Amino acid sequence: MKRSGLGRGLRMALAALVTTAGLGTAAAALAAPVPVVASFSILGDMVREVGGENVSVTTLVGPDGDAHTYEPTPANARELARARLLVVNGIDFETWLPRLTQAAGFKGTTVVAADGVKVRRFAGEEGHDAHGHDHDDGHAHGAGHDHGDHDHDHDHDHDHDHDHDHDHDEAGGGHHHVMDPHAWQDLRNAVIYVRNIARALAAVDPANAQAYGKRADAYVARLEALDARARATFGAIDPARRKVVSSHDAFGYFGDAYGVTFIPVEGLSTQGEPSAAEVARIIAQVRREKVPALFVENISSPRLVEQIARETGAKVGGTLYSDALSRPGQPGATYLGMFEWNVEQLAAALRR
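Per mature numbering (1 follows the signal peptide of the UniProt record, and there is no 0): the sequence shown = residues -31 to -1, 1 to 321.
Read the hints as simulated data drawn from the structure, not as lab findings.
Watch out, some of these pointers could steer you wrong.
Capping the alpha-carbon separation at 20 Å, the derived lysine to any residue pairs in SDA-like fashion look like this [claimed, not checked]:
no.	residue 1	residue 2
1	K284	A253
2	K183	G21
3	K259	P233
4	K284	E258
Here are the computed distance ranges between Cβ atoms for each label pair [claimed, not checked]:
no.	residue 1	residue 2	range
5	G74	A190	38 to 44 Å
6	R210	A50	50 to 56 Å
7	D225	R279	28 to 34 Å
8	R257	A197	32 to 38 Å
9	R191	P2	20 to 26 Å
10	P243	K284	18 to 24 Å
11	E275	E309	22 to 28 Å
12	A44	R198	22 to 28 Å
13	P271	G21	32 to 38 Å
14	G182	P271	38 to 44 Å
Given the structure is predicted, the values throughout are model-derived calculations rather than measurements.
For glycine and all other residues, C-beta sits at the position ideal for the given N, C-alpha and C.
Working from the sequences, and respecting the hints, build out all of it.
Put into structure tokens, the structure is as follows:
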């Protein structure tokens, strides 16, 4: 029986439609934003600045959240399982993260934002590169690298005896030395973070590498401009007055970069509670050195800082953003906004 031309034409049209639809689906998949997970809000904002419309960012520890005490959720594991890129701070900041990546079966790429930073250490120890040996500004690594055996965020197959997440004795010294993870509190370190993030995004999404590079360049220019303003601002304040009490030891990099001495009530982590003797020592120091201002942090209880203020007569200068951004609509909703707020609040208190 002879088939009609109409039937043949209809079949050809349907075939073309199916082919076009398939191509459209493939194109849409290629154009879809890259799913990225950032460990905490400051990194999430940096990724959004560099990634723009080409990324979809999920932040594990959100605004006003404390990464020191964070407990991951099943929803975090699901988000991580879908991600192509995981952005972490490193320097033993996210000690809970290796368990989460294992639970999620994460198969993507991990980038350590602090890779290449000169790490600040305590007890007079010299700073060193974020992984104890020389890197360039940083690079991305596949999930096949070990990120978990010692609660590291960037562990190699060979051991680095000085990179554990607990205190340890240096040879012959008998002193405990701890790495400070809060490297983002120096804007020059933030430039390193941004370059690492841009390279990692370009590696997982080469088609948009040029866009990532351009956005990173523009963002770095803004970071460098704010860094210059901060240095000029604190340089104009009497060095004898550049002393501040803060809730926990999150501002060491800031102090080193901009010439401000921070006296923390708590240590590197917010998990500890100072003893009565330690609080008494801080009170005595505030009185002796006539420290002009005390600040609370957006992630910490103000109780101890307020106690010290009552007993010394020093003024509480306000709230600083340390380990997390604020919620939208507040001054610290972005990394640049957070840093500018901190500079302005500190400078205003120290000038009084």
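Worksheet item: Looking at the structure, which of the earlier hints fail to hold?
Response: Those not satisfied come down to hint 12.
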